[in-house]
Structures are given as structure tokens and as C-alpha cells.
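Line order of the protein sequences matches chains A and B.
Residue 41 in my numbering is what sits at position 41 of the first sequence, and the numbering runs on without skipping anything.
Residue 1007 in my numbering is what sits at position 7 of the second sequence, and the numbering runs on without skipping anything.
Hints may be right or wrong, so weigh each one.
Okay, derived cross-link-like pairs now, DSS-like style, lysine-lysine, Cα gap no bigger than 30 Å in a straight line [what the hints assert, rightly or not]:
hint: 1; chain 1: B; residue 1: Lys1232; chain 2: A; residue 2: Lys70
hint: 2; chain 1: B; residue 1: Lys1008; chain 2: A; residue 2: Lys110
hint: 3; chain 1: A; residue 1: Lys183; chain 2: A; residue 2: Lys204
hint: 4; chain 1: B; residue 1: Lys1025; chain 2: A; residue 2: Lys85
hint: 5; chain 1: B; residue 1: Lys1025; chain 2: A; residue 2: Lys70
hint: 6; chain 1: A; residue 1: Lys29; chain 2: A; residue 2: Lys117
hint: 7; chain 1: A; residue 1: Lys117; chain 2: B; residue 2: Lys1097
hint: 8; chain 1: B; residue 1: Lys1232; chain 2: A; residue 2: Lys117
hint: 9; chain 1: A; residue 1: Lys225; chain 2: A; residue 2: Lys182
hint: 10; chain 1: A; residue 1: Lys129; chain 2: B; residue 2: Lys1008
hint: 11; chain 1: B; residue 1: Lys1232; chain 2: A; residue 2: Lys129
hint: 12; chain 1: B; residue 1: Lys1087; chain 2: B; residue 2: Lys1097
hint: 13; chain 1: A; residue 1: Lys55; chain 2: B; residue 2: Lys1232
hint: 14; chain 1: A; residue 1: Lys13; chain 2: B; residue 2: Lys1232
hint: 15; chain 1: A; residue 1: Lys225; chain 2: A; residue 2: Lys70
hint: 16; chain 1: A; residue 1: Lys129; chain 2: B; residue 2: Lys1087
hint: 17; chain 1: B; residue 1: Lys1008; chain 2: A; residue 2: Lys117
hint: 18; chain 1: A; residue 1: Lys29; chain 2: A; residue 2: Lys182
Computed footprint of chain A on chain B; a stretch qualifies when at least three of its residues, placed anywhere within it, have a C-beta under 8 Å from a C-beta of chain A [to be verified]:
hint: 19; stretch: 1102-1109
hint: 20; stretch: 1229-1243
Calculated directly from the structure, the hints in this document are not laboratory data.
Since we're looking at a predicted model, the values are computed, not measured.
For glycine and all other residues, C-beta sits at the position ideal for the given N, C-alpha and C.
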Amino acid sequence: MDSMIIAENLTKKFNGFTAVDHISFKVEKGEIFGFLGPNGAGKSTTIRMLCTLTKPTEGTAVVGGYDIIKQPEQVRKVIGLVAEKLILYPQLTAVENLKFFGKLYGLRGKQLEERIKELLDMVLLTRFKDFPVGGYSTGMRQRLNIVRGLIHDPEIIFLDEPTAMLDPQSVQFIRDLIKNLKKNGKTIVLTTHIMEEAELLSDKVGIIDHGKIIALDSPENLKRKYNCASLHEVFLELTGRTLRDSASNNMRIGVIRGF
Amino acid sequence: MSFSNNFKASLDIALKDLLYFWRMKMLFITFLMLPVILMFLFGFMFPTVGTSNVYSGKIASPYSNIPVGIVIEDGGEIAYNVANQFKQLASSTRLLKVKDFSSFEIAKEKIVAGELKGVIVIPNGFTEALKSNRQAVIHVTMDDTSSQLSSVVFSQISMLFKMISSSISASMIKNIDASIDPSFIAEPIVVERKNLIAGTTNTFEFLAPGFMALNIVMGTLSGLAAAIAREKEQGTMDGILVAPISSYAIITGKVLAQTIRGMIQAFIVLGISIAFFRC
């Protein structure tokens, strides 16, 4: 099997604070990789590095066969990002949003129109395609947000908490969508705080805490190894039951990232 | 990524930003209002002082019917004649709206209240001075809170009295020798300005181009900062950054959108100056 993502000693430091500490992992083609960890563990920073949005302090990664530091433009062509925040303009309609981002990937004319039609059908939003996105419900917005990341039919898809804050219907719809993407041979990196979801969807999970990967295996193997009934229990076993209020560190990163 | 793809992407970003701007109605209206407000503000802060010719009676002014008061302290006949002539001139040229007051103190209060822009006082001894072949003096008090406006109104008042005074001297010269041109005696040499451009020059003729440039520069700079900050806050910037286009294309597109917007504002300034401030 080809490895679609190979991270080697990936490290990110913000002003002396190490957000991601020499992590290495592989994601194979057609796999769903569940990337788990408490808030502030370094998940989003890792994804930002893999998406070429943040330069690593140390180490590198090969995504889709391209180096994230040396060939960022090639990497960008093969990845799709569904970030924590919606990447949609509320004042523009669904079609206008998809058209704009499609054009950035060099899609134009009939090809683009057909792709937009296909994607809107896929998430059942064709009826609302000419309404401004600002008027959409949270579930509709998230469905559109996901297909926005798929506009150029990427091989590798990063989904950062795609089902957070949604109703059970939307959650089910998006989980089915993710399964379909896997069926079509796409490689998916999924972060989530819902352990049931990770257990249900992932072929392999990586648990990150304090910037380090502390577990990397299939959900079944992890449950067996730690003798737990669910991934939820494994997660708590590994990361502890105390709350993570490392606010000072988070705030420092927040300032640097400009959030 | 090829150059042409990046070029197209920057055009797409510019179009998207302009569409976004158009959809944000409040933002759009505020940005259109800004040059309008600035234009009127500066237009009245620095009023046009046109070139007037006392002898030909040519008068240039952006203002009309400015309220001023007149107080006749002198009881003589000439004082009343002069005051009447002044009132006639003021109303026929529509420069000033002259109101009578019985005392300077009352008129001064009106200035303080903002109802009058100036007070003209024909003091005691005015008639006496003229009758005994001496120069007579008229006192003018201006509202000094608006120095620009005051200087314009003062120059108008003194211009009108100059016209009266020259007509008095003309009649006196005619009485002595009808063959002499009275204006020659009063002012043997006259400076007449010939402008490069026909007509009188206007403050807006040099304010407007400056404003147009200011709008493009200020609009582009502040608009660019706002547009980028907004995208970062919304999180949409990541969507653009993760696309396979060069960061120069992003900046070019954003600058292009703001420049086009600035130029639209500049044309609004041009339209306003033509419509409202042309002499």
C-alpha cells in the first residue's frame, strides 16, 4: 500500500511553547485516520502543517507524494481542507461560494458548473443553491462547507471536527458522506471529540496529547491492549480524567496565530 | 502553477471581494457616503474666493444671501443714502441679506447667537466727515468663529462699499471735469488677472483632484487591511491559502478590488464637484 501521508519528526514551536513535539505517523491510501486528542493537544496545528498553512519548526511530512516544505503547491492540489471554522462567505450564495473556490483550483466553465451541480446534489442543497449562505441552518452550512473542500476532487481530505454542534440527522448524513468518500478511494484525516464517531469511522487512530502521539493503532487493537469496552474509555485512560485548562499556553498561541 | 492561472485567480479574488462589498449594503453605503461628506465639509471649510472686479461689477462668490446686520448711528442724510445704496447692491447681487438694527449691542448678540455673520456700523460723524471733504470710516464686526467664511463675507462687504465709494468719487470728478474718466483718477493702474482656464478659478478645482487621489489611496489602504482582517477572522483566508495559487495572486486580487472601489469613489467625488461646486 502507498502511504499518502508520512509525517517525520513534525514539530511546531510557538515562542518557546512546543505545540507539536516530534510526531511521526503514516496514513495509507484509502484509509480513514482518526486524529484524536484533548483540546489544545496539537491536532489543529498538525493539520495546519500538513495543509501547508503553517511551516513546521522541525521535521517534515510527505503528503500525496510531495514534500510540504519543498513542494507546497503540489501538496495543495491534492488535499482538501474542511477546517474547524466555516470556509464560506455568508453574503454569497452556495453557487457563488463554490464557484469562487473552484476557480482558485483552475476549474472553469462547464466543468466547474457540472462539478458544482454534482456536489450540491450530493449534499441535497440544490434547492437552496441561490440563497446566501448566511441564511442557512448550521447543518446546511456544514454540508456545504464539506463539499467546498471537495470541489477539486482531492485525494486526501482533512476533516477538522466535521460533526461538531450538529443535530443527529446532520451527523448521520455527514458520517455516511465520509464513508462514501472512503469507498471512492479517498484518504481521510478526521479529527473529532466524539469517540464513538472515531471508533465507527476510523481504520486507525492516533491519539495526541501535549504535542506527542501517545497511541497509534486500530480502534480494536487499542481496546484490546488497554482492556477497555470503548475507545472513549481508552482515550480517558491514556489522557487522564482531569480537565485541560492550559489557558495560558492556548492564549499565547492564539495571539501568534492572530485568531 | 502558471502565470496565467495565478492572474485569473487574482481576478477571481478581486471579483469576489467586489461582489462581497456590493452585498454588504451598509459597508457599501458608508464607503459611498465618505467622499460625499468629506467633499461638503471641505467645500464649506474652504469656500471659494472668486476674483471680482469693482468697476465692471463682476462678482464671484459661492455664497448668497448671507445674513448681516447694519446699524446707522449717524443721523445724517448721506449716511442713510449710503446705507440704502448698500442694501440695494446687496439685494441686487444677492450676496448679503441685510437687516436693520437700532444698536450695535443688539446686533452683536445676534452674532453670538449665530444668526448674523457680521455687523456693519455707520458711526457718528460719517456725514460730517464726507461733508467736510474728509475720508469717512465704516466699522465692520465679523463672526470670528469661522475665519474662512468671515474673510469671504468681509471681502464682499468691503467690495460693495468700494463700489459705492467709487460711484461717489465718480460723481465728484464729473462735477469738476466731465471729460475725465473717473476711474482713471481713482485708480490709474488696475491689475487684471487673465486666467489660463476661462472663467473664475474655484477652490474645488484644486481640491477635487486631491480628494480623488486621497480616496483611492486611503480607500485602498484601509479597505485592504479591513478585507484581509475580515477574511482571517471569518476563517475564509485558510480556504484561499490552501488553494494552489501564489500568495502574490491573493494580494494582487485584493489590491485590485480595493483600487477599483477607490476609483469608483474618485468618480463620485468628480461628479459631486461638477454638480455642486462649479462656479
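So, going through the hints one by one against the coordinates:
At roughly 25 Å between alpha-carbon atoms, Lys1232 (chain B) and Lys70 (chain A) fall within 30 Å of each other, so this suggested pair holds. For the hint pairing Lys1008 (chain B) with Lys110 (chain A), the CA-to-CA distance comes to about 17 Å; that is within 30 Å, so the pair holds. Distance check on the hinted pair: Lys183 (chain A) and Lys204 (chain A) sit about 16 Å apart at the alpha-carbon level, within 30 Å; holds. With a C-alpha separation of about 24 Å, the suggested pairing of Lys1025 (chain B) with Lys85 (chain A) holds against the 30 Å cut-off.
As the CA atoms of Lys1025 (chain B) and Lys70 (chain A) are separated by approximately 43 Å, the hinted pair breaks the 30 Å bound. A distance of roughly 27 Å separates the Cα atoms of Lys29 (chain A) and Lys117 (chain A); the hinted pair therefore holds under the 30 Å criterion. As the CA atoms of Lys117 (chain A) and Lys1097 (chain B) are separated by approximately 71 Å, the hinted pair breaks the 30 Å bound. The suggested pairing of Lys1232 (chain B) with Lys117 (chain A) holds, with an alpha-carbon distance near 28 Å, which does not exceed 30 Å.
Restraint check: the Cα-Cα separation between Lys225 (chain A) and Lys182 (chain A) comes to about 27 Å, which is no more than 30 Å; the hinted pair holds. With a C-alpha separation of about 24 Å, the suggested pairing of Lys129 (chain A) with Lys1008 (chain B) holds against the 30 Å cut-off. Of the pairs offered as hints, the one joining Lys1232 (chain B) and Lys129 (chain A) holds, with about 25 Å between alpha carbons and a cut-off of 30 Å not exceeded. Annotation: proposed proximity of Lys1087 (chain B) to Lys1097 (chain B) holds, straight-line Cα distance about 8 Å (limit 30 Å).
Between Lys55 (chain A) and Lys1232 (chain B) the CA atoms are separated by roughly 18 Å; this keeps the pair inside 30 Å, and the hint holds. At most 30 Å may separate the alpha-carbon atoms for a hinted pair to count; Lys13 (chain A) and Lys1232 (chain B) meet this at roughly 21 Å. Annotation: proposed proximity of Lys225 (chain A) to Lys70 (chain A) is violated, straight-line Cα distance about 39 Å (limit 30 Å). With a C-alpha separation of about 71 Å, the suggested pairing of Lys129 (chain A) with Lys1087 (chain B) is violated against the 30 Å cut-off.
For the hint pairing Lys1008 (chain B) with Lys117 (chain A), the CA-to-CA distance comes to about 22 Å; that is within 30 Å, so the pair holds. For the hint pairing Lys29 (chain A) with Lys182 (chain A), the CA-to-CA distance comes to about 10 Å; that is within 30 Å, so the pair holds. For the stretch 1102-1109 of chain B, the assignment as covered by chain A is violated, since 0 residues bring a beta-carbon within under 8 Å of that chain's beta-carbons and 3 are needed. Given as covered by chain A, the stretch 1229-1243 of chain B passes the check, having 10 residues with a CB less than 8 Å from a CB of that chain where 3 are the minimum.
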